[in-house]
Amino acid sequence: MNQFIGFFCLLPLLGYLVSLCIPRLKESAIATVVIGTIGIHLSALVSFISYWMIIGRPVLDKKQMVIHSTGNIEIALDFYMDNTTAVFALVGSVLALLVTIFSRYYIHRDGGYKRFFVTIMLFFLGYNLLIFSGNYETLFAGWEILGVCTFLLVSFYRDRYLPVKNSMKVISIYRLGDICLVLAMWMSHHMWHSNIMFHQFSDAALISHHFQEHYGEAMFISFLIFIAAAVKSAQLPFSSWLPRAMEGPTSSSAIFYGSLSVHIGVFLLLRTYPYWEHVAAVKLAIIFTGIITSVISINFAKQQSALKAQIAYSSIAQIGLMFVEVALGFHTLALMHFAGNAFLRTYQLLVSPSVQSYLVHNMVFNFAPKRQSSPGSPWYRWSSSLYMLSLKELNLDNLLKRFLWDPFKWIGKSVGIISHKVMSVSMVVIFIAGLGAFYFIAYVPESVLTVLPEIISLSGMLLILRSFTERESALYAWLHVFAGQVFTTLAIALHNEAYTHTSMSIYLGSTFIAAIPGYLVLRKMRKIDNNIDLDRYHGYAYEQPKLGVIFLLASLGIAGLPITPAFIGIDLLFSHIHKSEEVLILSTSVSIIFIELSVLRIYSRIFMGQHKKPNHAIAYRSS
Amino acid sequence: MIATLVDIKKAAAPKVAHSHFDEKHVLHDLRHYLPTQMPLKDFIHHNSLHAFQHMKFYDGIFKASDAFGYQVTIPLDEYRELYNINRIREDVLEKIIAGRKGAGNVELWKKKVLTEQYDDCTSPRIGRLRSEWKKLYEIDLDGLVHPMLFRILCSYIDQGIATWQFPHGGTGLLSALRELEQSSFTSFFKTKRAKQMLLSGKCNLRDLLKIVVGNEAFFEQYIFDQQFSHRGWSGMVATIEHQPETLYDKRIISLRDLITFELLLEIDALDAAFGTNWLPLANVTNTSPVSLFEDTTSTELREVLMIWQDAFEWSYYDEVFAAIATDKKQTPSGSGKSFQALFCIDERECSLRRYVEQVDAECETFGTPGFFGVEFYYQPENGKFYDKVCPAPVTPEYLIKEFEVKEKREHEAFYTKETNTFFTGTLLSFVFGIWAALRLALNIFRPKMSPAISNAFTHMQKHSKLTIENEGPGHSEHGLQVGFKIEEMAARVEGVLRSIGLIKDFAPIVYAIAHGSSSANNPHHGAHDCGACFGKPGSVNARVFAFMANHPKVRTILRERNIDIPAETLFIGGMHDTAADHIEFYDDEATGVKHADYHKSNRIMFERALDLNAKERSRRFASINTKGSLSQVRKAIKDRSVSFFEPRPELGHGTNSLCIVGRRSLTSGLFLDRRAFLNSYDYRTDPEGTLLAGIMRPLGPVCGGINLEYYFSRVDNVKLGAGTKLPHNVMGLVGVANGCDGDLLPGLPLQMIEVHDPVRLMLIVEQFPDVVLKTIQSDSAMYEWYIKEWVHLSVIHPETHKFHYFKNGEFVEYTPLSKKVGEISDVTAVIESANAMKTNRTADATRENLPVFTLAKNNKN
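Listed in order, the protein sequences are those of chains A and B. Counting in the working numbering, the first sequence runs from 1 upward without gaps. Counting in the working numbering, the second sequence runs from 1 upward without gaps.
Isolated chain B (complex conformation) (with noise of 0.2 Å):
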């Protein structure tokens, strides 16, 4: 498509791929590179290059730019304007340089890293074959196949946004569409064969092939040339094909099925052009068939921007290292807490944390996934469906279901689809004309949450019920459990407070804080949401978990295994809105006079955090005067999260770059520009590394996979991201796409990762090296993680505070070259005048990220 004749020739190395063409092993191979995004209601990080994991991150990337001509990092020029500005240091670049090149060749890359000037086009080799057509038959196949195919696709799939839908009889797409073919007076076919081919079922795909491509030596090229030129839509089909239950409104379809269809309509496209004697592809083109996945070949410039990459990543790391290597003078509190918090290691928690107990210092606070260890479909009240509340790749027994809920569900009248029907429609538009451009000003001077925003408090109503305890047996529903045994619910209590070291000192009341996000106008809300509570807000677990903590069985249990909980010890569930800056607490009402009142001292405590969390946040948002009074801000803050025109109500996982697996001592005088992933964790109660394993186990799928996907989309923002959320239109309730006849954009769109610096994560455990090196060992598929470099590793040790860097399966000391970072005593001043981008390139927009600080002790509120 982009290369011209003469690259192609010379690039078409006559390597035969699979002379023999095994479809199931091909179609096998296509899921695995397919985009693997699900519905977006169901939202989950991963790496958007999962399918090169089983190799070393540089080799994968730049593998997946050969074959797909992704981009995989920021361009050379970027790069170099980072060095401008200080961003990527001079003796960082000269320490990679030296560790990749060898000392004596500093000077030499030094050059070509900085000044050489290097062709940077890349020609990828998908799409090669089927160019082809355009070249030899100067027919646009796709122009003639791709909208037909994707409105037929997208009515079939359709979750409701039509109200007429595909006639489908649940028997899959080919045979959904032979039997509307048969019924009706009209065809999608424009000739005789193609039609003939579907309605005899005399369509296999070797057969279409054949009259199509010709030579079975270039099948598998043509598969993934075809289905790449609208990965979107394929990987949809993919996984709702492997995953069937992500739709509400079940679907049965195949990519066998859209492969087959497709080949269909291009032998009519072809039929249509030149009757039916036209020769297949292979037959008329002179090139040989292309592995898409051969050796890549090193290039210099490739070698140059892994330097500069690393160079990046460890100016950053370096100043970390460098932070937590300081000795920050924390006075450790005495026993007598105030109060314990437990948040979600969400990186968006960070800076949460660290106003809650610059507020209240006697506090202490936690991190652990966000599902707080309690596994479980929700059903709430009236609800059709169960929906899944916990990590993805855990698939719970248990069902909790939502009662007695007192608040009324709201409707939206303008989402009726009465609009889009005859007489209804002309009496509406009457009626809600005048009515709409009120709503709409309404929303623009003055927005306030209403039914069409999504609210992450509708999740589960605050004033309703949930069956936590298992009645005993018999009492399931379609195969699950309602509910947990007093065992089960003891076992999940220990295995979190274990996991984050809280096993003894209990202040009187211990908060369990969820979150979850509310915006306006935004399709992709699902990613703002709690991904280990599968991308829906957590307020159910928090809940759930402080229960099975209050339930005196449960601690009667847990006593007897050495975690003594008082009895004036009481667990409060929560949630943190991350756009709106709200938390909301459930089942807090009746608690007691003393609680009562330690818990009302504590929300106004919350209040506050909340409004400095705000404050901290609104540096980066246009709309906002930073500067302005706190109560403002936080106004300010609430009504974007509810406001239509706003496509950054808040910015998700953007800037995260750090996961840090300790004890918050490391942590709780640094200024981590909320980067960071923080996961509690004392390596004192945990010698064999037991926990640990438990602990890391998850990191990479949720941490990993939320820090690549935000590397990829912002590397390639319309490749592998969703590109720019201002013409999304969303597509039968699965996706979107741009205008009305594009391919599904899978990825994030550029709003949430504009402020991304693209750099893997760090993950940091304060533990001992050897314990460290047996936990990832333990599980092959953790490994993978840190030994391809996908994510890097390094351990802080607990004895000597030394740094250890993983590297080829073993820990390397590592000295930073920092030796101090700056101390800052006022954060709001440093908030207040922090820089603002000017435009969202990389190297503009990094100058929004603020170093690391340390902060001095007599911090003001």
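With the rest of the complex left out, here is chain A (with noise of 0.2 Å):
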């Protein structure tokens, strides 16, 4: 039985590869193939679980294949099945279907048809690996999938303004929750001295008696699990990149923002219960902010013009009383609470374009207009307050701007002051240091093999948030990135002799394989176009779509997609950071938020965005 689960998630790779090979402009191949592999996976799920129910629902779970294992580190693949698998399961592979099937002539010749198609397979992967994962790093693999996708379809339409604008937004709060699950990983690592499997979760004295004895790890990882959970939610305060994540085709947005991705915070919170749930500040935390999201963000769906955008607030609302529903205990309520909507809200955004005119029709017949409350009232001052701050809702979205995102954004830019040269100097300097520090280990005082690593660390974060905050080279701002990753790697290696030349050379190398290619396509788009500068966007995808592609590709394996070697690089990079070291762990969460948003974001500067060529139709900046 155990061994079937894997299938699961082969399947839809299989069919993602399958679809990656059809020509462009082959749409019924394209569909057929995307169509069918869903469907054989909805069916297959369905006998597979008649069966696993008439045996007794057994929770299962399957080592697929070891990965990386040195020490007490073991990477590995590892598939897990129980009630909550099987509910997110089949809504998923339901959902995807009839989405997939409506999409079949809903996207028809629309120019990235193929692009649709295969990124929603892509997702799908992804789904699957996340909702069956059995330990946390193929849950984080899944998860990134799922990321990754997320960006690709918001900025679908790449070549407007604002879909590329707003997937930078929706990707950059999601990063937030990626490294609050890369952080609790790390901390589960040091707390059980390996790999946690989800299975172990089960087993209540193992817990329990973990729990007395690192108390404080616990709750750390127990709230960060829960921030990782809120961010992928949408629950306050991270709730507006939601609606505005409604950029792509609304058959995507209906299965992401709708239904499958905007509840995987509530299985996260599902999957990992057993353990926080002896936390009672967690517990709490999690229902209070559900209470205060759902009564909020109805608030919100109730004052929205734009349906979309109201579906979101509303879909928002029910999310936060799952969160409280599964804090409470309630699983099988939150599963069917969960089932119910995500069917609602992908249906709902799917006919939203006939509210037009069922409403206009409604009103034909049933208008009758509302009274104003009138100015004399006492209600009449918190309603009108909460009418506006319902309509700004709550201004989160500048306010996650200016506490999150400008402090590092103004460090960036401070180091951005130092001219090029005498950066690079002190920072040749400082790598040298680091690096006969690192091969003379022996001949090093251990004062300053306790601050070298700091400063190396700290260093490769600087470089990483210049290169994020750059406005001119591309070119430097990709070196900026690499240098940065060097600088990380090199830390870590200073910092704990356990970590290997065997682990380094899997992060550098697949790190330096993907900067190769990033370098020599900005190198050649320099060449095409004299001025590829950051300060705006170029929307080269128009006339060079196949190095975007390229461009794209070298992206996700310098920021560590979980396809490439880096991912596991990164995780083997968090294991041998020790916990008491905060300014290293700091500096490295930092830098790996900021290495993946600085390569998107040079990969949107450069090849999305209204095209700098007005030469051909061009979509305003407003739209």
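If you are wondering where the hints come from, they were derived from the structure by calculation, not from laboratory data. Glycine included, C-beta positions come from ideal geometry on N, C-alpha and C. Just so you know, not all the hints are guaranteed correct.
The calculated SDA-like cross-link candidates involving lysine to any residue, where the alpha carbons are at most 20 Å apart (straight line), are [stated by the list, open to error]:
hint : chain 1 : residue 1 : chain 2 : residue 2
1    : A       : Lys392    : B       : Lys190
2    : A       : Lys409    : B       : Ala272
3    : A       : Lys62     : A       : His199
4    : A       : Lys370    : B       : Gly172
5    : A       : Lys524    : A       : Ile513
6    : A       : Lys413    : B       : Ala273
Now the stretches of chain A that chain B is said to cover, found in silico as 3 or more residues with beta-carbon under 8 Å [unchecked claim]:
hint : region
7    : 33–42
8    : 239–246
Quick one: dock chain against chain with the hints and give me the complex.
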């Protein structure tokens, strides 16, 4: 029985690879492969789950493949299945099937037909990987794939300004969730001294034993998981990304932001529940967030006059309640709630354009002018304020930007003041010192050895932040990212002698392999257009689609997409940081967040947005 | 925005626009140039560049391009591709060049046209001034102001998406905002100054502009830049300001309010970024004010594009002329007609009429604008509003009311707003969840009509009754006379019958068939309904017309005026659903035994014609196998109109390019591929051209408007059109935008214009040239369409059968270059073997459009 679970991830992978190979204009073949794959997936799933229910719904776990193993670090592909998985898998498969059939003619003749279906297939792979995952590493792989698909689908209409801008917005909030998970993995590794499997969570004695010993750490992990879930499920204060993600074709918005993607936070909470159920503070925080989100986003929804945004906020409100249900332990209820909400919102989004004629028609027969509350009533002041706050969506979008991202931008810009020359020289000096220390580690005094990794790691972070705020040379930005990676790795290597050459070469090697084609593409672009500064969008996907694809792959490679070795590298990187090393963990986390943001920013500035040569129809900036 | 700094400095000619700022004048001009699309429920086609219509076509479009950066023709390389696939003919191209450049220069210009490389980048004048903010202050003012501005505007105008309405008080946007600011603990502003100005009311435009712009010479340019950075919303505001009745839930709003508030938000954003001591834009910029509409420079590229566009158009027209000139050997049928049918002039009825005539060779069909000459407001039973159902420029004085509706109006549970509330929302997400999945699955696998779908036949219920006859003085509502008086009815029936030349030889049954369109998930459904009925289905008009023509007292009056409708002739109203290919008839149950029999057999005939029509339409739909059986195709067409996943329920007016005013014998033997508006007209009954004036007056705004809206939405789908439908989001029930914080998108979406060849309309009138000249000169608005070349006009001489093309104020004889066009005997075979486009670029998409054919007489059914 166990060995079958992997099939549910393998099949979408297969479908994905096949769909990649079909020529762009063969719409029917593309749709057939994707719908066929999901169809087979669904029927296999139904048979499998039926049988599984007959035999009494046992919890299944299968270690599919060990990818990397050194000492107590073992990174494995592990699959797992229980009630939660079954419900999420079924709902996911049914919705994916319906939405892809819906899209078969809906997307007809769109220039991005193949791009759409291929991305949906990749999303389906990521989703299944995530819900069938048996450990954090596998879960994180699925989680990351979802993030990338989100970026690609929000910016589906990449030749317009707003989709591109909003895709960066969404991915940067997502990134926060990503890093929370990475840190949770890191801490839990140190806590358990091995890589924990989800099936171990069911061992109540084991869990409570650990909790007594490591209460602080457990609390830390629980909170990180909670934040990751809140980000992915658009709970307050992270909710503003959801309405802004509705930029792709309606059917992709429906499956992503109406249903599957946005409920992943609920899944994460359900999956890790046995772990944090004993931490009252976390439970309370979840309940509190859920209720507050529910109450507030209902008001947002009531005020919204843009239909898709209204559906988004209604959905967020229900997800808030699901958070409460999960925290209170009503898991069956939460699962039913999930299924209902997912189906309902998908449907509402898919038929949203028809609301125009329905409501206007309805108005003809049922219109009654609303009574405006009079300024005299005591309630008036409150209701006006509430209305304005809802209209402004509590200013959350701006607040997030100001408090979460602006400080980093400020740091990046401050570093940017230093001239390239000074910067290069000092970085080379630091690097040589680091490298020297690494090779002659025996001769380096202990005191230096504690400070040096921190300096190097911080320098790496600064390089990456600088890259993120670079407004001129794309090549510099790219090189800064790479240099930042090297610094980060070196810092860890210095910090922990167990971080072997193999681990290091996995990470650096794959980064290097990705950095080269990226560099070459940028060089080529600069030959094509002398001015590819990062101050504006250039929209070169219109003219140079192939270079765009190569650069996107290079970007994802350097940022550690789950299919690249760098992904494992990041995992390893973290597991080598001791848990008391605040500076190191902080700077490395910031680096990891901004590596991806920085390279995607370079990609979007050069290849996305309105094409710079106005010799064809170019959409307005406001569309 | 797009041009580099160097370009701007070069291009900024030191021509001072209006150094004196005249607010009223500027706002008036601004409104003139903004899009005038109404809220989507009243979709009226119009020339997207109506503001330039006082100029010659090419001058106007290139001026618009210089000012606003629109693409106004297809790209040069696509013309060349069209030439390579022979869609643009060599002989026509040479003739056009010879006409424009002289016969001696053909070779020289042909070389330029075919091979010369040109720099085809444009740098519009709009936006240059405001782009200085980013350059000089490094501030993205649009990014800071737009999201909040759009949300406030949309919330204010919203017609019913939000459950929580903007507290507006009914006194205008600014005062509503002022009241809101006064009465709440929070603010839309981040800083004090702007808020204070709003609250104190000391915010007239001039003062605000002084703060933001400084130098008065820049004011006009700044306002244009600002408003054209979101032309969708500005256009909507201007439209509502001048036609407040277009909203059911009335709103008072003005462009002035919008600009004032936007300037306040800009001051707020600038104050927040720099404190209060920043300098106005004009004080820091070293550009000079630019007049957006100063003279266009003629470039060689533009000369080349004009030649290409002319050649593209004439390659098609020439073929059409040749086809019309072909002797089609139609035997004139006797006076014993089986039935007569009046259809709308709409080019979508062109193929249906062909099939009706093919299935029943004894019948006779006519084309007339689909409101059938009866103009009124319509109020459905229990309706709270009156809907205008006649051409846009007409303001009716009559009201037709529906009563005794037997059908129950159904509701769609999923559209309840309760899903947005806390408790019921929760409950419903459980209850509706699984149901929603089932509904979705059902619609995908078994699409059928539901209340959620816009159904043309619910405009008026089949079994309802109408108040058509006025009951005497005092029978009126809100200043509108309920129903028509007998004399008024007679005048309208006479008008229609005379204009189409149907004044004798009446068949036993005369059908008046209006049209409407049903579609699912389509905010633009109004664009598919009848343009002559104000973007509504025409069912009521057809029924009212039939009632009038059947009225004995009306017939008595008509008889006195020499239109003798025999007692045994019965008029029946009906409506054709152009998406589902379905016809419904009205008041056809109690028609007497003889008529019932006729009608029954006619209905079978109509069904057959609809089958064939569906088949012809299906060739353009990827989801339908055109080679399938007639019943399969017909069902697929019907399913398509009720499928939520189908963004192309029908293709609307796509490919329209001709308008033929004349007798049916001109076109009856032709395969025109649904590209021609057909207006019946018999020159023999109108020697003075008095009827012709009535016919031609609406053709410019209606057919020309449709054609030009398709043209511009096609050549620049993202600036003048609405872009692809797929990401559209319904905003406040008035328009659509991309995503949640985009600008409103006027114009036609991509899915409607893909098949359209961007060519201007060719109007062909069967009449003597001097009569037509006199007619068009009788009305300057009508004359403008033709003399300024926004619509081509030619005349076919009834006696010599020669074509005369209207150019520079006179008719010049035109001899088609093509001698003969292809003849086909089996339309079905042509349909089944027609090409399908690979991509929707014009040069690819046009391969789908079939040439003109003559039909061999032994045409199979």
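A quick look at each hint next to the structure:
Between Lys392 of chain A and Lys190 of chain B, the direct Cα distance comes to roughly 12 Å. Compliance with the 20 Å bound is thereby established for this hinted pair. A hinted pair counts as satisfied when its Cα atoms are at most 20 Å apart, and Lys409 of chain A with Ala272 of chain B qualifies at roughly 19 Å. Proposed proximity of Lys62 of chain A and His199 of chain A is supported: the alpha carbons are some 10 Å apart, at most 20 Å. For the hint linking Lys370 of chain A to Gly172 of chain B, the alpha-carbon distance of about 16 Å falls within 20 Å, and the restraint holds.
For the hint pairing Lys524 of chain A with Ile513 of chain A, the CA-to-CA distance comes to about 17 Å; that is within 20 Å, so the pair holds. Between Lys413 of chain A and Ala273 of chain B the CA atoms are separated by roughly 17 Å; this keeps the pair inside 20 Å, and the hint holds. With a cut-off of 8 Å between beta carbons, the region 33–42 of chain A has 0 residues touching chain B; three or more are needed, and the interface restraint is violated. As drawn, the region 239–246 of chain A meets chain B at 3 residues by the rule of a beta-carbon pair under 8 Å; at three or more, the given contact holds.
Comparing the model with each earlier hint shows a violation of hint 7 alone; every other hint is respected.
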